[in-house]
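Chemist: If you read the protein sequences in the order shown, they are chains W and V. Taking numbering that gives the first Met the number 0, the leading residue of the first sequence gets 0, the next gets one more, and so forth. Taking numbering that gives the first Met the number 0, the leading residue of the second sequence gets 0, the next gets one more, and so forth.
Calculated from the structure, these hints are not laboratory results. Accuracy of the hints is not assured; some may be wrong.
Computed cross-link-like contacts, BS3-like style, restricted to lysine-lysine with a CA-CA straight-line distance of at most 25 Å [as the list claims (entries may be wrong)]: (1) W:LYS182 <-> W:LYS131; (2) V:LYS152 <-> W:LYS182; (3) W:LYS288 <-> V:LYS184; (4) W:LYS296 <-> W:LYS29; (5) W:LYS29 <-> W:LYS115; (6) V:LYS55 <-> W:LYS131; (7) W:LYS288 <-> W:LYS271; (8) V:LYS152 <-> W:LYS115; (9) W:LYS115 <-> W:LYS131; (10) W:LYS182 <-> W:LYS115; (11) V:LYS55 <-> V:LYS152; (12) V:LYS55 <-> V:LYS158; (13) W:LYS221 <-> W:LYS288; (14) W:LYS115 <-> W:LYS221; (15) V:LYS184 <-> W:LYS182; (16) W:LYS182 <-> V:LYS55; (17) W:LYS74 <-> W:LYS221; (18) W:LYS271 <-> W:LYS221.
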Amino acid sequence: MNKKLLTLAITAALGLTATAAQADTLSDIKQRGFVQCGVSEGTPGFAVPDANNEWSGLDVDYCRALASAIFNDPKAVRFTPTTSENRWQTLSAGEVDVLSRTSTWTMTRDTTLGIKFVGTTYYDGQGFLVRKDLGVTSALELGGATVCIESGTTTELNAADYFAANSMEYSPVTFVSQDETLKAFEDGRCDVFTTDASALAGNRLDFAVPDDYVVLPEIISKEPLAVVVRQGDDMWFNVARWTYYALLEAEESGVTQANVDEMLGSDNPGIKRLLGLEGDFGTPMGLTKDWAYQIVKGVGNYSEIFERNVGSGSPIGIARGINALWKDGGLQYSPPIR
Amino acid sequence: MAVDTAGRLAPPPRTAFFNDPVIRGYFYQALLVLIVGGLVYWLGANAIANLTAQGKSLGFDFLRNTAGFDIAYTLIPYSRTSTYLDVFFVGLLNTLLVSLISIVLATLLGFFLGIARLSPNWLVAKVAAIYVEFTRNIPLLLQLFIWYFAVLKVMPAVKQSYSLGDMVFINQRGVFIPSPVPDDKFVWVVVALVIAVLASIAVRIWAKTRLEATGQRFPVFLTVLAIVIALPALTWLVTGANLALDVPKLTGFNFRGGIDLPPELLALIFGLTIYTATFIGEIVRSGIEAVSRGQSEAAQSLGLREGDRLRLVVIPQAMRVIIPPLTSEYLSLTKNSSLGAAIAFPELVSIFSGTALNQAGRAIEIVGMTMAVYLTFSLIVSLIMNIYNARVALVER
């Protein structure tokens, strides 16, 4: 036991992983009794703790969906706030089982970091937030501006690309943590704050006087914000991926948290398969037959999660846009559960 | 050990070889080497096994790849198309810049503080004592946040900048000062300054020799001051050299031209200096107090003046006590400069071990290089200070 502790301590300190060698995350989780979920330090709408340290948000609800699928209990999950700089190490070192942390899916990350992107829970793009009294109406007028950025993000690279592509100079001020970045922007160190447009909308509401700030219309990048797991554990990858698809599938078949018990009586074969009444899709993944029923029962479907946290039911009020289901003209699409 | 009634030590009893302290000593040392070696091997093997399992490799080829991000404050040319190796050097130079400036300032302030705490003036001594106790008991990171965010908050926006004679501008983007633009003839003024400095050294040596030979004093300080000011000034006038000033101007969002001192740089230098100076002050105070009163009384009885007493008798002896701990203060200052990452100053840890690591995903290589840099810094500073220490150390005759 002591030896195991020592091993854990040393590997954690080095940011290496001892768990990857064993690579059975699902069994580890079942034994432990809860899911370890890496989230952001506090992004309105995606992951924010309240006064009682109860987390909520779109990213948070995904982890609760995982916990529901495994333990039939959306509360069987512990959240670890990670910074944009330390998130990959936290995942590699096995401190978290899954990273649901507004992380952009890029090729370099996918192929070099020893991680796997599970699916895009939110299609985003990078935008700019400025003070209204600056009198700027387009990002193309930002030549010579000072820009506050969180370091270690795709945001940093996109900004460099955008200003270079438009032959504009700028001066980046990069902070390690989001809090300091926002504070420096609010204190006037920078003219512009840039990050994913969804986060900008939420961050704006946190300022003392939100109406003094305006989000510029330009979206300068593709930011598919995806869930991430460690490479080399396909079983766990499947669980993470199909949990996400189950949320979409539930929305598509009109199964909601409120009507899921009613739906158990449905004659629709698709719904019967989803809820585990026909066939067994859970056991091959190492879950129970009613895994998807538990997910919807625990957190609702994708639409409910979206509206509750970032959509019409939240102060942020973002429209579904490209995050609508494919049949509504959006990009969210689940392969069939059959 | 057995002691007989007469209080003498009994002869050591004959022991088996495994109780022999010498053999035991060797045994434990060998055991320690084995454990440490085994641990290192196990960690290395584990790291490589896990990297392979995750499909990662080790290597420094990534240093030639394009970094793709921008850095606000660089001493060498840098753009988003530069490589990770350039990022490394940018970070290295920024760390060196901050460390060197802070070491010089902290030493000056520290010596001043140390002497002030020993001042016979009650007010001066107490003010210095309060400053030292207050500052060194607050964590440096917190102080940096205070200097950065508290000061930033009360600064005016760019368009309402404080202006000093329309030359220097202070606002939320930092301090903007004019930069000198010397013309071709200005090189002569620099030459004159070098000559003046050399001449001053010559005057000092001559004055010392004369003092030792004849006992006559010469007003060295005033003479040197006159030479250093007069000679370059005269050259400037005669050659008609021109030193233009590039004054910062408000264009668009910000001031352009001149020298830009960003708030991150100033806050970091300020924080490091103020914090480290308190420790240096205490080291200086203890060093001076370590010189026994008899020494300065003896110097007094020889008829040495107050200044000479300090310069020739007290300080040289105090330096022996001051140098070794001063070295470790310099080392910790250099390492503390990495806290600049928290307030967005692009030093080594912030941009290389932070941003570059994140973008390139080469944790082991980048962290290793960063550690090697700090280790090298520390060894170099130690080396320099040890050479100096050897010079001031007590020479046994």
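Chemist: What are the numbers of the hints the structure violates, in ascending order?
Modeler: 3, 6, 8, 9, 10, 11, 12, 13, 15, 16, 17, 18
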